[in-house]
Amino acid sequence: MRESFSIWWFAGILLLAYGVVICSTGIWELSHPLANPPVLNNLHAPIWWGAMLAVAGLGYTIGFRPRQTVNKRRK
Amino acid sequence: MHLTAFAVSTQLARLNWIDILVIAIYFAIVVFIGFYLRGSSNTSEEFFMAGREMTAWIAGLSFVSANLGSLELMGWAGSTYQYGILAMHWYWIGAIPAMLFLGIVMMPFYYISKTHSVPGYLKLRYGDGARALSAVSFAFMTILMSGINMYSMAIVMKVVLGWDLNFSIWVSSITVAVYVALGGLKSAIYNEVLQFILIWTGALLVPILGLIEVGGWSNLRQQIATNLGRSDYVHLWSTLGHFSDNPMGVNWFGIVFGLGFVVSFGYWTTDFLVVQRVLSADSIRSARMAPIIGAAFKMAVPFIVILPGLLALAVLPFHLVAQDVAVQTGQHSFNEVLPLMLVRYCGPGLLGMGVTALIAGFMSGMAGNVSAFSTVWTYDIYGAFLNKKATDRHYVAMGRWSTLIGVLISVGTAYLVQHAASIMDYVQELFSFFIAPLFGTVILGMLWKRATKEAGFWGLLAGTVTSISLWLWVRHDPSALRYVAMSPDAKHMAENIYRAFWAWIVCVLVTVVVSYMTTARPVAELEGLVYGASVLPKEHDDHWYQRPIVWASIVALIFVFLNIVFW
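So the sequences go chain by chain: A and B.
Residue 470 in the working numbering sits at position 21 of the first sequence, and the numbers go up by one each step.
Residue 87 in the working numbering sits at position 86 of the second sequence, and the numbers go up by one each step.
I should point out that these hints are in silico values taken from the structure, not numbers from a laboratory.
The C-beta atom is built at its ideal place from N, Cα and C for all residues, glycine as well.
One or more of the hints may lead you astray.
Chain A regions said to be covered by chain B (calculated; three or more residues, Cβ under 8 angstroms) [to be verified]: (1) 455-463; (2) 473-485; (3) 489-495; (4) 498-504.
Build the full structure now, drawing on both the sequences and the hints.
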C-alpha cells in the first residue's frame with residue numbers, strides 16, 4: 450500500500466497558496482494604498498482574482514487529496 | 002535580502018517580498034515534484050515514456066504546455082504588436098488542423114508501433130539511415146533551441162526586473178535539470194501541467210483588464226485604427242489577397258498551404274518534443290484524445306498572447322521598436338510587450354504571479370527540449386549506434402546524465418548567443434530545415450505502403466538540402482525572395498513558410514521517384530506501421546459522445562467559426 454499525490458492535488462495546493470497570498474495582499478492594500486498603483490487599481494483585482502484562485506485551489510485540494518490505494522496509483 | 006540586489010542599471014519594475022514569495026512557492030513545488038517522482042522512474046519505460054500511464058487530460062495539457070515556452074509567449078505577443086492579428090494564424094490554422102489530424106489519423110500508428118520516439122518510428126518504417134539523419138538533426142537543434150530560449154528569458158528578466166543574466170540562466174536551468182534528471186518524463190509532464198495552469202492564472206488578468214480599459218473589442222479595433230491610421234491590423238483573412246495588402250507581407254496561399262499544411266503538420270505531428278507527450282498516454286484512446294484536448298486549449302491561447310499585443314497598440318503611451326533599434330536607442334522592443342502589459346495592470350503579488358508565468362513558460366519549454374533530447378540521444382543515437390547491448394538500468398543512467406549534459410550544453414549555447422546575437426535571428430529557421438521534410442517522410446511512410454527504405458532516407462535528405470539551399474540563396478541574394486515566395490512584395494515571414502513548402506514538395510517527389518526505382522518491403526513487414534497494412538485495435542466507447550472523432554469535430558467547428566468571426 451502506498452499513498453500517492455495526484456497532479457491535480459499539486460495544482461490545487463499551488464492555486465490555494467497563490468489565492469491566499471494575493472487576496473490577502475489586495476485586502477492589505479485597502480488600508481495601505483500603493484505609492485505607484487497600476488492602471489485600474491480601483492477595480493481591486495488582487496482581491497477578486499485571489500479569491501477565485503483560492504476557491505478553485507481549495508476545491509482541487511480537497512477533491513484530489515491523497516488517499517490510501519492498493520497497487521493502483523491515481524493520477 | 003531584497004532580490005533586486007541583483008539589479009543592474011535601469012529596469013521596468015521592482016518586485017517586493019510578496020512577489021518573491023510567489024516565485025519561491027513555485028520553485029519549491031517544482032523541485033518537490035522532482036524528488037517525489039524520483040522513485041517512480043527506475044526503468045527506461047518509466048524514465049523516458051512516463052510508464053505510458055498518463056491520462057488523456059494530463060498528456061493533452063502537457064502536449065500544449067511543452068510548446069508554450071517563453072519565446073513562444075513573448076515572441077508572438079511582440080509579433081502581434083508588429084504585424085497585428087495575423088499572428089493568430091500561428092495558433093489557429095497553424096496548429097489546430099494538424100493537432101486534430103495527429104489525434105485522429107496518425108496517433109494510432111505511433112502508438113501501436115510502440116515506438117519510443119519519432120526517429121524510432123523511422124527506424125521501424127525505413128531503417129537506420131532515416132533514423133540516424135533525423136535523430137542527429139533533432140538532437141542538435143533541440144539543444145540549440147533550448148539555449149536560445151534560455152537566453153531570451155534571461156534578457157527579458159534583465160530588462161524588466163534588472164536581474165543579472167547569469168542569475169536567471171543558472172537558477173532556472175539547474176531547477177529544470179534537477180526535476181527532469183530525477184523524475185524523467187513523468188516529472189517534466191507533471192510540471193508542464195502545473196506550468197500551463199500557472200501561465201493562464203498569471204497572464205489572464207492582462208487581457209481582462211485591458212479590455213475593460215479600452216471598453217471592449219469594438220473599441221479596441223477603433224482605437225488601433227486611429228492610432229496606426231490603418232485598419233489591416235485587426236483582420237485575419239480579408240487582407241491576405243496579396244502580399245502587399247497586409248503588414249506581414251504574406252498571402253493566403255502561403256498561410257494555408259505553407260503554414261497551415263507543411264509547417265504546422267511538420268511541427269505538431271513529427272516534432273518529437275510534442276509527440277513524446279502523447280506517446281506517454283495510458284491507452285490508444287487517451288493518445289487520440291490528448292491532441293484533441295490540446296487543440297481546444299491551443300485555440301484559447303491567443304487570448305493571453307495575441308490580445309495583449311493588440312491592447313498594447315491601443316493603450317501604451319509610447320511606441321515599441323525592433324530589438325536592434327531598442328539596443329541602440331534605449332527604447333523598449335516588441336519582445337517586451339507582454340512584460341510591459343503585466344507591469345501596467347499588475348501590482349504586488351499579481352506581478353509576481355505574472356513573472357512566475359513567464360518563468361514557468363521558459364521552464365516548460367526547456368524541460369520539453371531536454372527530456373526529448375535525452376530520449377532521442379539514449380534510444381536513437383547511443384543505444385542504436387554506440388552501445389546496443391547495455392542493460393535497462395544503464396540506459397536509465399544514460400538518460401539522467403544526458404539530461405544534465407543537455408542542460409549544460411544549453412547553458413553554453415545561451416552564453417554563445419550572448420556573444421553572437423545574430424545566431425538568434427537564424428535559429429528558428431535552422432530548426433525549420435528539418436521539420437518540413439520530416440513531415441513528408443513520415444506521412445508517406447504512414448499512408449503509402451510502396452514507400453521504400455532508400456526513398457525514406459533520400460527524400461528526407463533532399464528536402465533538408467533544398468530548405469538549406471533556399472535559405473542560403475536568399476541570405477546571399479535578398480532579391481531571390483521574389484522567386485522563393487513567388488512575389489517581389491513578400492517579406493521575411495513569407496520566406497519561412499514558402500521555403501518549408503518547397504522543401505516538403507521536393508521531399509515527397511524524391512521519395513515517390515526513389516520508391517518506384519527500388520524494391521518495396523513485403524506488406525506483412527509493415528503491420529502496425531502503415532495504413533492499409535495494419536489492423537487498428539477496436540475502441541469501445543460506452544456512448545457516442547465519448548468518441549475522439551466527435552470531439553475533434555466540435556473543435557473543428559469552433560475553429561471555423563472563430564476564423565469567420567475574425568475574418
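Next item on the list: Apply the coverage criterion to the stretch 489-495 of chain A and chain B: a residue qualifies when its Cβ sits closer than 8 angstroms to a Cβ of the chain, and three qualifying residues are needed.
Entry: That given contact holds, which follows from 5 residues of the stretch 489-495 of chain A lying within Cβ reach (below 8 angstroms) of chain B.
Note to self: When I compare C-beta atoms, does the stretch 473-485 of chain A have three or more residues closer than 8 angstroms to chain B?
What the structure shows: It holds, with 4 qualifying residues against the three required.
Next item on the list: Quick one: see if chain B covers the stretch 455-463 of chain A, three-plus residues with Cβ-Cβ under 8 angstroms.
Entry: holds (count 5)
Notebook entry, point to check: For the stretch 498-504 of chain A, do at least 3 residues have a Cβ located nearer than 8 angstroms to some Cβ of chain B?
Noted result: holds (count 3)
In this structure, none of the earlier numbered hints is contradicted; all agree with it.
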